[in-house]
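Q: One letter stands for each residue in the lines below.
Number of protein chains: 2
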Amino acid sequence: MSSKLTPDNDLELFFSADLIPDQVKAQLHPDVHLRPLASTDYHRGHLAVLSVLTVVSDPGESNWLVQYHSMRAASKTYYPIVIVSKQTDQIVGVGCVFIERKFLRGLGSVGHIEDIAVDKSQQGKKLGLRIIQTLTGISENSGCYKTILNCSDENIPFYEKCGYQKKENEMAKYAPERAQPSPRL
Amino acid sequence: MSSKLTPDNDLELFFSADLIPDQVKAQLHPDVHLRPLASTDYHRGHLAVLSVLTVVSDPGESNWLVQYHSMRAASKTYYPIVIVSKQTDQIVGVGCVFIERKFLRGLGSVGHIEDIAVDKSQQGKKLGLRIIQTLTGISENSGCYKTILNCSDENIPFYEKCGYQKKENEMAKYAPERAQPSPRL
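Listed in order, the protein sequences are those of chains A and B. Just so we're aligned, residue 1 is where the first sequence starts under the numbering used here, counting upward by one. Just so we're aligned, residue 1 is where the second sequence starts under the numbering used here, counting upward by one.
Keep in mind that the hints were calculated from the coordinates and are not lab data. Do not rely on the hints blindly, as some may be mistaken.
Restricting the straight-line Cα-Cα distance to at most 20 Å, the calculated cross-link-like pairs of lysine-lysine (PhoX-like) are [stated by the list, open to error]: (1) Lys25(A) - Lys125(A); (2) Lys125(B) - Lys25(B); (3) Lys146(B) - Lys120(B); (4) Lys125(B) - Lys86(B); (5) Lys166(A) - Lys120(B); (6) Lys76(B) - Lys76(A); (7) Lys86(A) - Lys4(A); (8) Lys167(A) - Lys167(B); (9) Lys86(B) - Lys25(B); (10) Lys126(A) - Lys86(A); (11) Lys167(B) - Lys166(A); (12) Lys146(A) - Lys167(A); (13) Lys146(B) - Lys125(B); (14) Lys167(A) - Lys166(B); (15) Lys167(B) - Lys25(B).
Sample of chain A residues lacking proximity to chain B, with all beta carbon distances greater than 10 Å (derived) [unchecked claim]: (16) Pro7; (17) Asp10; (18) Ala17; (19) Lys25; (20) Ala26; (21) Gln27; (22) Ser57; (23) Lys86; (24) Gln87; (25) Gln90; (26) Asp119; (27) Glu168.
It should be emphasised that the depicted structure is a prediction, and the values quoted were computed from it without experimental measurement. Backbone N, C-alpha and C fix where the C-beta goes; we use that ideal spot for every residue, glycine too.
Using the sequences and the hints given, assemble the complete structure.
A: Structural data, given as structure tokens:
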């Protein structure tokens with residue numbers, strides 16, 4: 001199988017690839033590569049993979065880049081990762097952990113895992129598990145005393161296999177339409 | 001009742017007090033004042049109020065200030081608020097919302113409400129409700145399409161009265177002891 005994969009060295013990565021745990025790299029399916037989000041990933045289908053989760057409108061590349069740099073400016077806060085197909089150089093999996101700093105627990109931090117998605121064509125390669133292992137590892141290596149995520153009832157068994165336990169309930173309030181300005185572009 | 005309250009103008013506030021919704025100010029119990037966290041709040045019992053939630057070790061004022069400024073450096077991310085007794089100038093309630101930026105939902109944002117605590121001496125003044133109203137207002141006025149929080153089963157009815165609905169399940173993984181460095185002071 002020929003590889004079209006763009007090497008990490010040719011990319012501007014969101015954070016250092018050294019933070020990807022070695023254990024995950026060793027277990028990763030050989031068809032794919034796992035790395036931090038890169039500044040050119042708009043062109044590798046980043047938003048298409050996210051669209052399995054919810055509404056994903058296309059803001060255009062320049063607005064995507066504004067968001068990328070705005071998130072990156074919040075130092076040591078966001079850690080977005082992608083899984084890329086070696087054959088196509090296209091993104092087939094995504095996830096993010098952001099690190100919340102607190103005043104309690106001795107000025108502790110908590111990692112929040114968000115927006116895990118894997119392309120349906122990639123089932124059976126344990127990519128969801130590798131994403132969770134990577135983000136949990138980044139969270140724990142950042143000193144977080146816990147890592148949390150929200151999931152539906154049917155996904156609880158998967159996250160239990162990843163070492164997570166049900167703790168509390170997620171409550172949500174959607175903003176009234178009038179209170180929602182256009183995405184700040 | 002004589003007031004010992006330090007005026008907002010004499011404080012360095014975490015964010016602009018203009019972001020506190022007028023409606024909340026109008027409904028607030030007259031014994032108390034609601035404002036953004038201030039750089040001198042270490043001396044007003046900030047950590048003592050948080051200690052009703054979980055383990056709160058005292059890191060000392062200088063380390064508390066490092067955390068304060070580190071959180072403030074992440075622009076438009078953290079919005080910590082406090083409720084102060086006018087009689088004592090001590091903190092009797094706290095809460096925080098942080099704004100998470102995403103690539104989905106048209107580069108949308110989500111507000112995460114965290115670490116709500118009210119001193120037991122203040123029950124019956126609806127301070128918990130005022131904190132939730134304030135943080136939800138800040139989140140929605142920041143353009144967040146939804147605001148979320150995690151709570152125990154017994155607190156679901158309270159948050160339903162605040163306009164929230166149960167959505168998903170919070171899953172948590174605590175870091176192994178060996179992976180927890182001392183708080184980065």
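Q: Could you run down the list of hints and mark each one as holding or not?
A: Hint-by-hint comparison with the structure:
For the hint pairing Lys25(A) with Lys125(A), the CA-to-CA distance comes to about 13 Å; that is within 20 Å, so the pair holds. In summary, the hint linking Lys125(B) to Lys25(B) is supported, as the alpha carbons are separated by about 13 Å, within the 20 Å threshold. Of the supplied pair hints, the one linking Lys146(B) and Lys120(B) is violated, its CA atoms being roughly 30 Å apart against a limit of 20 Å. Restraint check: the Cα-Cα separation between Lys125(B) and Lys86(B) comes to about 14 Å, which is no more than 20 Å; the hinted pair holds.
Only pairs whose Cα atoms come within 20 Å are accepted, and Lys166(A) paired with Lys120(B) is rejected, the gap being roughly 28 Å. Pair hint Lys76(B) plus Lys76(A) holds up; C-alpha atoms about 15 Å apart against a cutoff of 20 Å. A distance of roughly 6 Å separates the Cα atoms of Lys86(A) and Lys4(A); the hinted pair therefore holds under the 20 Å criterion. With a C-alpha separation of about 14 Å, the suggested pairing of Lys167(A) with Lys167(B) holds against the 20 Å cut-off.
Pair hint Lys86(B) plus Lys25(B) holds up; C-alpha atoms about 14 Å apart against a cutoff of 20 Å. A hinted pair counts as satisfied when its Cα atoms are at most 20 Å apart, and Lys126(A) with Lys86(A) qualifies at roughly 16 Å. At most 20 Å may separate the alpha-carbon atoms for a hinted pair to count; Lys167(B) and Lys166(A) meet this at roughly 14 Å. With a C-alpha separation of about 12 Å, the suggested pair Lys146(A) and Lys167(A) falls inside the 20 Å cut-off, and the hint holds.
With a C-alpha separation of about 27 Å, the suggested pair Lys146(B) and Lys125(B) falls outside the 20 Å cut-off, and the hint is violated. Of the supplied pair hints, the one linking Lys167(A) and Lys166(B) holds, its CA atoms being roughly 14 Å apart against a limit of 20 Å. Annotation: proposed proximity of Lys167(B) to Lys25(B) is violated, straight-line Cα distance about 29 Å (limit 20 Å). Distance check for Pro7(A) against chain B: the nearest CB is about 24 Å away, which clears 10 Å, and the non-interface claim stands.
Chain B leaves Asp10(A) outside its interface by the beta-carbon criterion, the shortest separation being 22 Å against a cut-off of 10 Å. With 10 Å as the threshold on Cβ separation, the claim that Ala17(A) sits away from chain B holds: the shortest Cβ distance comes to roughly 20 Å. Distance check on Lys25(A): its Cβ is at least 18 Å (rounded) from any Cβ of chain B, clearing the 10 Å threshold; non-interface status holds. The claim that Ala26(A) is not at the interface with chain B holds, since no C-beta of that chain comes within 10 Å of its own (minimum 19 Å).
Gln27(A), annotated as away from the interface, keeps every beta carbon of chain B farther than 10 Å; the closest lies near 18 Å. For Ser57(A), the condition that its CB be more than 10 Å from all CB atoms of chain B is violated, with the nearest at approximately 4 Å. Annotated as non-interface, Lys86(A) keeps its C-beta farther than 10 Å from every C-beta of chain B; the closest such distance is 23 Å. With 10 Å as the threshold on Cβ separation, the claim that Gln87(A) sits away from chain B holds: the shortest Cβ distance comes to roughly 24 Å.
No beta-carbon of chain B is positioned within 10 Å of the beta-carbon of Gln90(A); the least distance is around 16 Å. No beta-carbon of chain B is positioned within 10 Å of the beta-carbon of Asp119(A); the least distance is around 15 Å. With a minimum CB-CB distance of about 4 Å to chain B, Glu168(A) fails to clear the 10 Å threshold, and the non-interface call is violated.
Consistency with the previously given hints fails for numbers 3, 5, 13, 15, 22 and 27, ordered from lowest to highest.
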